[in-house]
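Turn these sequences into a full structure, and let the hints steer you where they fit.
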Amino acid sequence: MSAAVLAADAPGSAGVNITIFAIFVAITLGIVFRASRNNRSAADYYAAGRSFTGPQNGIAISGDYLSAASFLGIAGAIAINGYDGFLYSIGFLVAWLVALLLVAELLRNTGRFTMADVLSFRLRQKPIRMAAAISTLVVSFFYLIAQMAGAGGLVALLLGVSTKTGQGIVIAVVGVVMVLYVLVGGMKGTTWVQIVKAVLLVLGAGVMTVWVLSKYGFNLSDLLGAAVEKSPKGESILGPGLQYGKTETSKLDFISLSLALVLGTAGLPHVLMRFYTVPSAKEARRSVVWAIWVIGIFYLFTLVIGYGAAALVGPKTIAAAPGKVNSAAPLLAFELGGTLFLGLISAIAFATILAVVAGLTITASASFAHDVYANVIKDGEVNPDAEVKIARRAAMVIGACAIVGGIFAIGQNVAFLVALAFAIAASANLPTILYSLFWKRFNTRGALWSMYGGLIASVGLIIFSPVVSGKPADPLTGKSLSMITDTGIDFHWFPLDNPGLVSIPLAFLLGILGTLSSKERSSREKYAEMEVRSLTGAGAEKAVVH
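Reading the sequence shown from the start, the letters are residues 1 to 546 in my numbering.
Wrong hints could be hidden among the right ones.
Said to hold, decoys possible - The calculated EDC-like cross-link candidates involving lysine to aspartate or glutamate, where the alpha carbons are at most 16 Å apart (straight line), are:
1. Lys440 to Glu529
2. Lys316 to Asp379
3. Lys126 to Asp379
These are computed hints drawn from the structure, not numbers from a lab.
This is how it looks when you write it as structure tokens:
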């Protein structure tokens, strides 16, 4: 299969694929419209009226967390690079545990709707809310780019669309549907879509896992042996070092990636916002247990799916498909069950992308409306209905920006792109969150230095890294593997693909330097009140801005 795949060479039937996609979109839109009937207040729109139970929210959290990177990107990374690809699964799972242990319940108990509610509680409100909103928007944008790129690659494979223009049209359609979810359903509608999508994704991945293992007598060793035989890299795919560890730079890149993955989740606004949809701390803890089980089981499935794609499809076929590495899972589905199963699995993957981008969009739009418009521009004197209107308008703008960014990221591995979002979240948000919760001396200057410093450092290093320009040419296409595919354009000077190794420690350091260099003293009373609230949740649901 060549890179310039024509529609006739697309796996399965384009008509069947489009029909199944349309059915899934129609069902989820029906769910959103039904849920929207109960959206009567800002709390309904932002936090679903805090009406979801622990198990429901736990499944929705896993639906929010298990993105296109988890299904399409990781399966492709394992199929191509074996063990080093599975490190993404390990990193994402460990990151979730870190988030739970450090910040999840404490943030839920302290805030109302957004991360900035927590950060601004005992610091100067306006500058902190503005910084938190900017950080939320940037992290969400990078995460959205990954999901859009995944959508473009998936539909490109199914419809045989090999041109960037065709994939761009696909990304635009995804963006429009995403915005419709958010405008109509708010958090309640988005949550139900995420619950449905999480159940379908785990079931689909489970069926694929059992099916692959059955072809090898449920013997994992036989599966791995078949993957070794099919891969041009041989036994190397079973051990570390195929992607990371070849050079000193790649070793540092692996450390940087690991830091970003493990620490990034605790700073992802769209994941943290999910904890505001339950009525109590007890339900928040129950949702955590459910989420761990669902996420952990799914990441075990990715190991079999990835090596199954390597064994049954082959890395060369995957790399040459229109969606490149992101095509591994759909191509495996076609190999296992033909046209109909390909359509079903791809529709699940498509629903995954829609659910995650809807969650990201509502988080970003809520942050702008609640933090910037209501509390910075209007000084907290704003009608909740007007605030929701601004959030809906912001969602439309965010959707447009995500479409443009997704077009530039076509062909990139979505798991890798998500890792960049994790690095920005870990740099811009996590230090300030931890210092706010646990450091009594922490003050406004420390928060601003940490957030802006981490944000500027991480985004700046990404721009001047090989991710954007300067990677060698792909032997199949002759184009650079960077986002800018012209091999003649190279302005990178930062050697690592992921900036986490530099930007995360820098953000923690800037938080300390900013705090110690300021004469401002944080209120002991405020810190004590925040400590009580974070541990008990007392007063959080009726919290007002200070």
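Which of the numbered hints above does this structure break? Checked against the structure, the only hint that fails is number 2, while the rest are satisfied.
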